[in-house]
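Take these sequences, add in the hints, and give me the full structure.
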Amino acid sequence: MTCDLRLRDARSVARIINLAHRLNCRCTRIEASSAGGDTRASLTFDGPALALTRLRAQIDRVLEYEAPEGARAAS
Amino acid sequence: MNGAQAAVAALEREGVDFIFGYPGGTIMPLYDALFQHAVRHVLCRHEAAAAFAAGGYARSSGRVGVCCATSGPGATNLVTALLDAYMDSVPVVAVTGQVRTELMGTDGFQEADVCAITQAITKRNFLVDDASQIAPTLAAAFALARSGRPGPVLVDIPTDVLKAQAGELEAVAAPPSRSAVPRASDEAIRSAVARIRAARRPVAIVGGGVRAGAVEAFRTFVSLLGLPHASTLMALGAAAPDDPHALGMLGMHGLKAANKAVQRADLVLALGMRFDDRVTGKPDRFARGAAVIHADIDATEFNKIIPADVTLHGDLRETLEALVAELVRSPVPRFDDWALEARALGGPLPSDRVDDRILSATDVLDRFFAALPADAIVTTDVGQHQMWAAQRARPAQPRRFITSSGLGAMGFGFPAAIGAQFANPGAPVFAIVGDGGFQMCLPELATLRRYGVPAKVLLIDNQNLGMVRQWQELFFSARYSATNLADNPDFAAIARAYGIEAFSLSDPQHAAATIAAFIDHAGPALLHAACHPTENVWPMIPAGMTVDDLMEARA
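Chains as they are written, first to last, in my numbering: chain F, 1 to 75; chain W, 76 to 630.
Worth flagging that the hints you see were computed from the coordinates, not collected in a lab.
For glycine and all other residues, C-beta sits at the position ideal for the given N, C-alpha and C.
Errors might be hidden in some of the hints.
Computed footprint of chain F on chain W, listed as stretches where at least three residues anywhere in the stretch have a Cβ under 8 Å from a Cβ of chain F [as the list claims (entries may be wrong)]: (1) 190-201; (2) 377-385.
So, partial list: chain F residues that the calculated Cβ filter (under 7 Å) puts toward chain W [as the list claims (entries may be wrong)]: (3) 15; (4) 54; (5) 61; (6) 65.
As structure tokens, then:
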């Protein structure tokens with residue numbers, strides 16, 4: 001599962017990676033850049049299908065709390 | 076004004092009347108700004124208690140609870156209570172001091188990276204590096220704490236930023252707007268109603284989401300249908316105390332009728348609940364024959380544990396009102412016969428009174444709840460007394476029964492009662508605690524004394540870490556490892572040393588009179604009930620099992 005994310009807070013990348021490991025997934029690719037309070041990250045995760053579904057939902061919740069207005073993740 | 080003054084002004088703007096906290100080096104500028112301020116500071120005796128008190132304030136009132144602490148150990152002592160608030164969706168804002176900016180990252184004295192530490196247990200946290208941003212950041216923190224699924228937010232402020240000039244508060248920008256509250260689609264509502272109409276044995280399970288202003292809508296909904304309904308620990312009080320279709324709490328120590336009705340249901344309506352493992356036991360055997368309609372404000376909960384046939388993503392009150400509106404467009408089905416059948420699946424709570432000459436905890440609690448004023452707020456700590464209380468409490472509203480549900484944090488009950496009392500100064504407030512948890516927060520007796528808080532403590536002392544002891548008895552071959560507290564102190568003497576009235580009860584013959592005197596006492600008080608050491612909580616569904624494995628007594 002690949003998630004292309006736009007975040008307000010660069011630290012959210014770390015939060016999401018930690019979440020992945022907690023949910024029995026692995027982060028297999030990380031690309032991120034941050035400038036002017038806008039962080040863009042492309043993350044790829046591997047894991048059981050159910051765990052990835054749960055991770056996707058948790059990422060959406062992090063985004064709801066942290067993403068700039070109107071920005072949402074694209075898988 | 077400086078950053079600390081801006082912070083206090085921002086708190087005042089949010090309507091904060093009390094902050095629960097403990098001072099220390101880096102947070103001193105904030106304490107200076109609080110000195111003789113209209114926003115009152117409540118000095119607790121431990122930061123954890125301050126944060127639990129903020130949680131009790133929030134849980135009992137629906138308003139945001141606020142706590143503060145200094146950097147390092149002060150901040151880390153907040154962690155358990157922040158997780159408690161996160162697990163139970165309680166709006167709390169924590170303000171922590173941080174070492175001055177130039178020391179950050181140097182392992183400075185009392186430095187802790189509290190933002191990193193709390194990242195996984197807060198909705199969001201902020202490190203403020205510009206004094207002019209303190210007020211807008213606090214505004215954003217409050218908006219986030221109370222919006223959507225409520226939860227804790229932490230704001231960490233270096234001490235030099237608290238001292239720096241912040242400009243005038245009037246210049247503060249409005250907090251960033253949040254995304255609109257989701258609303259269940261018309262199609263989903265129609266689908267849910269079609270499922271309800273087709274059902275023969277539907278059961279509603281109401282959860283903590285009902286606290287978000289949905290109590291009346293829930294009562295209207297279940298009353299319209301004559302629908303039997305069970306409650307999670309978080310939602311006790313959602314049903315009216317005299318509701319004939321209420322089955323009580325379900326789950327590990329839930330009532331038999333609630334658990335059996337859910338297991339026999341052909342439709343489960345999960346309303347603002349998240350299928351905690353203490354509710355479901357073994358998920359793939361939970362309500363096996365039932366379709367599931369799941370309503371929640373947090374889409375993360377859908378299909379997390381139990382697959383849903385229909386999901387209703389939105390505010391629970393609005394969802395329930397939409398369901399009612401759709402239902403009344405045609406003749407409304409009634410489930411009274413099934414509700415009667417469901418209630419009949421239960422029976423009286425099993426008794427475990429080993430020796431009638433020794434005080435029984437459940438007898439104490441039966442008498443206590445029978446004598447309790449209707450407007451009382453009850454908090455509990457965690458353990459056997461919590462489950463006994465949850466089985467017996469009949470609160471008129473969910474905000475009148477307050478407990479650490481998801482986290483199960485010992486040491487919660489007493490400080491939560493203090494917070495609840497500050498939020499509800501006219502209400503009778505009681506903390507039910509065990510001898511283990513009470514000793515985690517015992518110094519808060521000083522907080523009761525200092526502020527004249529009339530909250531009362533009912534101490535169920537069985538000289539054991541009772542719930543762990545029960546599990547050792549049942550599942551660890553009665554090998555009682557580190558659960559015996561036979562060397563407990565004289566709790567009544569300790570209370571008196573703090574200037575708190577104390578009642579002692581050990582003779583069952585004196586229970587009624589002593590409990591009545593305790594409840595009627597005008598000020599803060601402790602009732603020390605010396606109870607049987609091996610009384611167990613029944614019924615019990617062992618962890619990871621189902622209602623088919625329900626135990627009502629020792630084997």
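Against the structure, the hints come out as follows:
A count of 6 residues in the segment 190-201 of chain W with a Cβ less than 8 Å from any Cβ of chain F is obtained; the coverage claim is therefore met, three being the minimum. Three residues within the 8 Å Cβ limit are the bar, and the segment 377-385 of chain W against chain F gives 3, so the coverage statement holds. A cut of 7 Å between beta carbons decides the hint on residue 15(F): the least distance to chain W is about 5 Å, and the hint holds. Checking residue 54(F) against chain W: minimum C-beta separation of about 6 Å stays under 7 Å; hint holds.
The criterion of a C-beta within 7 Å of any C-beta in chain W is met by residue 61(F), whose closest approach is roughly 5 Å, and the hint holds. A cut of 7 Å between beta carbons decides the hint on residue 65(F): the least distance to chain W is about 5 Å, and the hint holds.
Checked against the numbered hints above, the structure violates none of them.
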